[in-house]
Amino acid sequence: EDQVTQSPEALRLQEGESSSLNCSYTVSGLRGLFWYRQDPGKGPEFLFTLYSAGEEKEKERLKATLTKKESFLHITAPKPEDSATYLCAVQVGSNYKLTFGKGTLLTVNP
Amino acid sequence: EAEVAQSPRYKITEKSQAVAFWCDPISGHATLYWYRQILGQGPELLVQFQDESVVDDSQLPKDRFSAERLKGVDSTLKIQPAELGDSAMYLCASSLAGQGGNEQFFGPGTRLTVL
Chain A
1 EDQVTQSPEA
11 LRLQEGESSS
21 LNCSYTVSGL
31 RGLFWYRQDP
41 GKGPEFLFTL
51 YSAGEEKEKE
61 RLKATLTKKE
71 SFLHITAPKP
81 EDSATYLCAV
91 QVGSNYKLTF
101 GKGTLLTVNP
Chain B
1 EAEVAQSPRY
11 KITEKSQAVA
21 FWCDPISGHA
31 TLYWYRQILG
41 QGPELLVQFQ
51 DESVVDDSQL
61 PKDRFSAERL
71 KGVDSTLKIQ
81 PAELGDSAMY
91 LCASSLAGQG
101 GNEQFFGPGT
111 RLTVL
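Chains as they are written, first to last, in this note's numbering: chain A, 1 to 110; chain B, 1 to 115.
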């Protein structure tokens with residue numbers, strides 16, 4: 001059974017304090033790994049897709065990396081507006097279905 | 001900017017009543033997904049359509065849930081009768097899966113509360 005585990009469950013940072021979120025996965029035949037941001041009461045917002053080990057993608061203060069067992073979402077010099085839940089999901093097989101982790105709730109204090 | 005539309009945004013109902021949710025995907029997206037998200041959890045797939053055909057409904061509680069996408073564009077998810085445990089966020093997403101794009105784009109969701 002495909003498993004996606006995100007850690008920590010919650011992370012509180014001071015503005016400017018860089019850190020990383022982890023997404024570890026156990027799947028057969030990874031097609032892609034996805035990162036989403038979700039604000040309270042809203043739908044997930046697409047951030048990145050990673051397809052192969054060693055791949056990296058960046059967007060503003062966020063950088064996502066992928067190994068054969070896990071992905072990291074690095075947040076550099078975060079701002080309060082980066083506060084949200086960050087969801088990781090894996091896509092396996094041929095039907096494009098996403099299996100999500102439970103998410104990491106990030107709070108950035110000014 | 002193209003977006004996935006959902007309505008209503010909020011729905012409060014009593015148990016044993018029927019409820020229905022509507023989704024209009026991004027224009028041109030042949031693949032449409034319905035997810036359920038319980039507070040504090042990640043979304044879980046209920047049903048996936050490719051055009052008007054169901055591709056995956058293995059996690060859909062078929063005794064009370066039904067979904068349709070008659071013309072291969074917009075879609076409706078229905079629950080009858082609603083139970084207390086159905087309280088959750090119902091999310092619709094669409095993608096170009098099978099047409100060259102894997103990314104799924106989500107709508108704002110419908111928050112269902114069953115009393």
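Take the hints with a grain of salt, since some may be wrong.
Okay, the calculated bits of chain B under chain A, using three or more residues with CB under 8 Å as the criterion [unchecked claim]:
(1) 22-29
(2) 91-97
(3) 102-114
Here's a subset of chain A near chain B, in silico, CB distances under 7 Å, partners left out [as the list claims (entries may be wrong)]:
(4) Thr-49
(5) Lys-68
(6) Val-92
(7) Asn-95
Some residues of chain A that are not near chain B, with every Cβ distance over 10 Å (derived) [unchecked claim]:
(8) Glu-1
(9) Ser-7
(10) Ser-20
(11) Glu-56
(12) Lys-57
(13) Glu-58
(14) Glu-70
(15) Ala-77
(16) Thr-99
Source of the hints: derived by calculation from the structure; they are not laboratory data. Here a beta-carbon is modelled for each residue, glycine too, at the ideal position from N, C-alpha and C.
Hint by hint, here is what the structure shows:
1. 22-29: This one is violated; 0 residues, fewer than the three required, reach chain A with a Cβ under 8 Å.
2. 91-97: That given contact holds, which follows from 4 residues of the stretch 91-97 of chain B lying within Cβ reach (below 8 Å) of chain A.
3. 102-114: The restraint on the stretch 102-114 of chain B holds, since 9 of its residues have a Cβ under 8 Å from chain A and three suffice.
4. Thr-49: holds (6 Å)
5. Lys-68: violated (19 Å)
6. Val-92: violated (12 Å)
7. Asn-95: holds (6 Å)
8. Glu-1: holds (13 Å)
9. Ser-7: holds (14 Å)
10. Ser-20: A/Ser-20 is indeed farther than 10 Å from all Cβ atoms of chain B, at 19 Å.
11. Glu-56: holds (17 Å)
12. Lys-57: holds (12 Å)
13. Glu-58: holds (17 Å)
14. Glu-70: For A/Glu-70, whose nearest Cβ neighbour in chain B is about 16 Å away, the distance exceeds 10 Å, so it holds.
15. Ala-77: holds (27 Å)
16. Thr-99: The claim is violated: A/Thr-99 sits with its nearest Cβ about 8 Å from chain B, within 10 Å.
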